[in-house]
Amino acid sequence: MRVWPGSPYPLGATWDGSGVNFALYTANASKVELCLFDSIDDNRESIRISLPERTDFVWHCYLPDVKPGQLYGYRVHGDYAPHHGHRFNAHKVLLDPYTRSIARGVRWTDAMFGYNVGHANGDLSFDTRDNAGSAPLSVVIDNKFRWGNDKPPRTPWHKTLIYETHVKGQTMKHPGVPKALRGTYAGLASNASIQHMLDLGVTAVELMPVHAKLQDRHLVDKGLANYWGYNTLGFFAPELNYSSKRDPQAGVNEFKTMVKKLHAAGLEVILDVVYNHTAEGNHFGPTLMLRGIDNSSYYRLVHGQERFYMDYTGCGNTLNMLTPHVLQLIMDSLRYWVLEMHVDGFRFDLCSALARELHEVDRLGAFFDIIHQDPVLSQVKLIAEPWDLGEGGYQVGNFPILWTEWNGKYRDCIREFWRGDGGTMNEFATRITGSSDLYEHNGKRPYASINFVTCHDGFTLNDLVSYNEKHNAANGEDNRDGESHNRSWNCGEEGPTTNPDIRKLRERQKRNFMTTLLLSQGVPMICAGDELGKTQGGNNNAYCQDNEISWINWEMTPDRERYFKYVKRAVKLWKESPVFQRRKFFQGRQIRGQEVQDITWLTPTGKIMTDRDWHEPHVRCLAVRLEGDQIDEVDEKGRQIGGSTFLMLLNAHNHSIDFTLPGHGSNEFWKPVLDTSDSSKSTGLMREGQIYRVPGHAMVVLRLKTVASRMAARLIRWMQPEMASTLFVPEQEEEPEVENVVVEPVAEPDDEPTVIEPGEKVVVPTADAGEETEIVSSETTAEVAEDDEPEPVVTDELDEAEEQPVVSAKPVGVESEKKTPASKESRK
Numbered sequence: 029m030r031v032w033p034g035s036p037y038p039l040g041a042t043w044d045g046s047g048v049n050f051a052l053y054t055a056n057a058s059k060v061e062l063c064l065f066d067s068i069d070d071n072r073e074s075i076r077i078s079l080p081e082r083t084d085f086v087w088h089c090y091l092p093d094v095k096p097g098q099l100y101g102y103r104v105h106g107d108y109a110p111h112h113g114h115r116f117n118a119h120k121v122l123l124d125p126y127t128r129s130i131a132r133g134v135r136w137t138d139a140m141f142g143y144n145v146g147h148a149n150g151d152l153s154f155d156t157r158d159n160a161g162s163a164p165l166s167v168v169i170d171n172k173f174r175w176g177n178d179k180p181p182r183t184p185w186h187k188t189l190i191y192e193t194h195v196k197g198q199t200m201k202h203p204g205v206p207k208a209l210r211g212t213y214a215g216l217a218s219n220a221s222i223q224h225m226l227d228l229g230v231t232a233v234e235l236m237p238v239h240a241k242l243q244d245r246h247l248v249d250k251g252l253a254n255y256w257g258y259n260t261l262g263f264f265a266p267e268l269n270y271s272s273k274r275d276p277q278a279g280v281n282e283f284k285t286m287v288k289k290l291h292a293a294g295l296e297v298i299l300d301v302v303y304n305h306t307a308e309g310n311h312f313g314p315t316l317m318l319r320g321i322d323n324s325s326y327y328r329l330v331h332g333q334e335r336f337y338m339d340y341t342g343c344g345n346t347l348n349m350l351t352p353h354v355l356q357l358i359m360d361s362l363r364y365w366v367l368e369m370h371v372d373g374f375r376f377d378l379c380s381a382l383a384r385e386l387h388e389v390d391r392l393g394a395f396f397d398i399i400h401q402d403p404v405l406s407q408v409k410l411i412a413e414p415w416d417l418g419e420g421g422y423q424v425g426n427f428p429i430l431w432t433e434w435n436g437k438y439r440d441c442i443r444e445f446w447r448g449d450g451g452t453m454n455e456f457a458t459r460i461t462g463s464s465d466l467y468e469h470n471g472k473r474p475y476a477s478i479n480f481v482t483c484h485d486g487f488t489l490n491d492l493v494s495y496n497e498k499h500n501a502a503n504g505e506d507n508r509d510g511e512s513h514n515r516s517w518n519c520g521e522e523g524p525t526t527n528p529d530i531r532k533l534r535e536r537q538k539r540n541f542m543t544t545l546l547l548s549q550g551v552p553m554i555c556a557g558d559e560l561g562k563t564q565g566g567n568n569n570a571y572c573q574d575n576e577i578s579w580i581n582w583e584m585t586p587d588r589e590r591y592f593k594y595v596k597r598a599v600k601l602w603k604e605s606p607v608f609q610r611r612k613f614f615q616g617r618q619i620r621g622q623e624v625q626d627i628t629w630l631t632p633t634g635k636i637m638t639d640r641d642w643h644e645p646h647v648r649c650l651a652v653r654l655e656g657d658q659i660d661e662v663d664e665k666g667r668q669i670g671g672s673t674f675l676m677l678l679n680a681h682n683h684s685i686d687f688t689l690p691g692h693g694s695n696e697f698w699k700p701v702l703d704t705s706d707s708s709k710s711t712g713l714m715r716e717g718q719i720y721r722v723p724g725h726a727m728v729v730l731r732l733k734t735v736a737s738r739m740a741a742r743l744i745r746w747m748q749p750e751m752a753s754t755l756f757v758p759e760q761e762e763e764p765e766v767e768n769v770v771v772e773p774v775a776e777p778d779d780e781p782t783v784i785e786p787g788e789k790v791v792v793p794t795a796d797a798g799e800e801t802e803i804v805s806s807e808t809t810a811e812v813a814e815d816d817e818p819e820p821v822v823t824d825e826l827d828e829a830e831e832q833p834v835v836s837a838k839p840v841g842v843e844s845e846k847k848t849p850a851s852k853e854s855r856k
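Read in our numbering, the sequence shown has 517 at position 489, and its numbers run on one by one without any break.
Quick caveat, the hints were computed from the structure, so don't treat them as lab data.
Where hints are given, some of them may not hold.
[As the list claims (entries may be wrong)] Straight-line C-alpha distance at most 25 Å; calculated PhoX-like pairs for lysine-lysine: (1) K596 with K187; (2) K172 with K288; (3) K603 with K179.
[To be verified] Cβ-Cβ distance ranges computed for the label pairs, FRET-style: (4) R667 with H400: 24 to 34 Å; (5) E576 with K596: 21 to 31 Å; (6) A278 with G523: 42 to 52 Å.
The beta-carbon is built from N, C-alpha and C at its ideal position, and this holds for glycine as well.
Whole structure, please, built from the sequences with the hints as guidance.
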């Protein structure tokens, strides 16, 4: 075989149409051999080539006789001296860290370790067994693909609704997806799968790790699996087991096809990526890739004890962000996924670990500097999981501009409020208005906060309201794994129950959480399956459960149908209402000389909350008014943004609270649009001073409606305030088993006042206290605009307006104490 010198760049195996260039970085190796295999069943390489050239620590060659599909690996020679950080072992075939696909996964034997497993000297011993028959194999890939007119949706952050899901778990049980495609990239991009996401109304799909992963030996021995995928084996390679064809080249193309189809539906693709550690684990781990290529260059080692690894991740090792070639590896990988695979953004797992330069987390570190100046990466969506397991790793609110963050404080506070914990009111108000205490001070916007109540790591939403304790026995660790402090509440009974009162309370709590999430300022993220009432049986750490515990159950019972329909209504309301999608923080004061404030906090009596009200430890209810005509923002064409005014009534007490509706204009009335306690309730227009009784653990959203005709306004106001206290108080009765949606959220009104259509019923009080009557309009009677309108068609219309300068805002709230993030027991 002809061997030419080749080039040190690009790294990896690169097909140029005539041959393949191979390049590998290792600063401390004495020799590098390229091993070519003919088949994944081979136990030995067919050809071994000593790389003839080394340029700036990059070993390279060019093979004009090699084409895409060629299997290969490396043998790297050097010292085996663990005490000095070196673990070279040429008896081990190693994976190319730049491989675009992995043709063969690890076949577990003791030969996969650089030391003799079970030896008295442990990892200080040296293993001479050859692992060519069990090592993972790289493969040469052709990047050619027909993208056609594929374009990124580029949904603005403030209009983004994220759907966190798992490629396999999303479709493994979906009846509308062909069986051959279930659990694959093609399955996720199938018509049935995409239609569900469009029906729900999400705008971005955040995929749990799709980088090639390792099936850990201890899990395989237990009959379990690395389901979540936070044990990366290949930073450029899509997981082949998610391909319907299981062919390396076809797998890469199938991933690209998935992205192309999701883009065509207007959906962005965000990848959950793991660059903080690798699958090689601690000093007792296998030798698969970086450990054997150049251990001391790629990993953070304990100073003075280089045998051991710095572990900020809980997974045994941490990549060394102090070395330029590790940073290059990460940046090359990120650019590859954007430029070659067309993804729209990244969520960085344990991102604080990437910012550690010496020991402390450095928000001005090289990792951030490189991304900020990169013309490609600085333009995609960047999401940080703002913590790791090291000292000072909890960094919520401290990441630089361009970055958004999983807001763990939002999650914790919302859970505590709806559980009924006292003393949360102040922080709750801050969290639902964008967490200005975390983000406003450094020039960020409300959308810097990725709001979530649940995610893959922890209870599902259904389990959050059904379990007080974790139930992780299926993981084989005697229930020791997983977070124990979940801020959950089972509503009176642990696990499944036949008690109708508890079941209704749980459904109400799920609606409370989902409504709060969607109508908070910031970017909402729904965990896949929560919109359907998914349960994992109380398992809050299902990292190893590649089975029905983790997969979404698509069987639609009447309860699930009703709940899904409610979630869709709440999403529709969020999409239609600019006041829930603000780009700037609330100011809490008058704007442009208007008499009203952009946000007003009220007690149940309708009075503005005082400092004393905010700090009452026993208070668990409040109302908040959001002014739709006080947004003080413009669209991409410079037009003033305006919309409806809303009133939210929130009651986390165990008992009902009567809320007095606040004042409004002479021709305006309140119209309930969402009620988590009873979505079938038919309530007409309501005026200021009237009472709306909100049951315990419930939430109500009302829209301010305008009546154009004075006559219609007088009719609705007939029989004045002395009657108000007895009107529109919901009777205390059982919740209906079948939902009959009466009130649908509507599109934002135009500048012209809305009018009542002929034939619509308007509820008004009669001469007898406590009674109501319905007046049906004639052709000459002006009424309120009709609420029942068709479901909106989800389009990919883009708002690419340049962001406006930040306007200072301070909604009521104080910064809470930092809380420890959920443990990552899954990553051992």
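Going down the list of hints, with the structure as the test:
no.: 1; hint: K596 with K187; result: 16 Å, holds
no.: 2; hint: K172 with K288; result: 14 Å, holds
no.: 3; hint: K603 with K179; result: 22 Å, holds
no.: 4; hint: R667 with H400: 24 to 34 Å; result: 32 Å, holds
no.: 5; hint: E576 with K596: 21 to 31 Å; result: 25 Å, holds
no.: 6; hint: A278 with G523: 42 to 52 Å; result: 43 Å, holds
Of the numbered hints stated above, none is contradicted by the structure.
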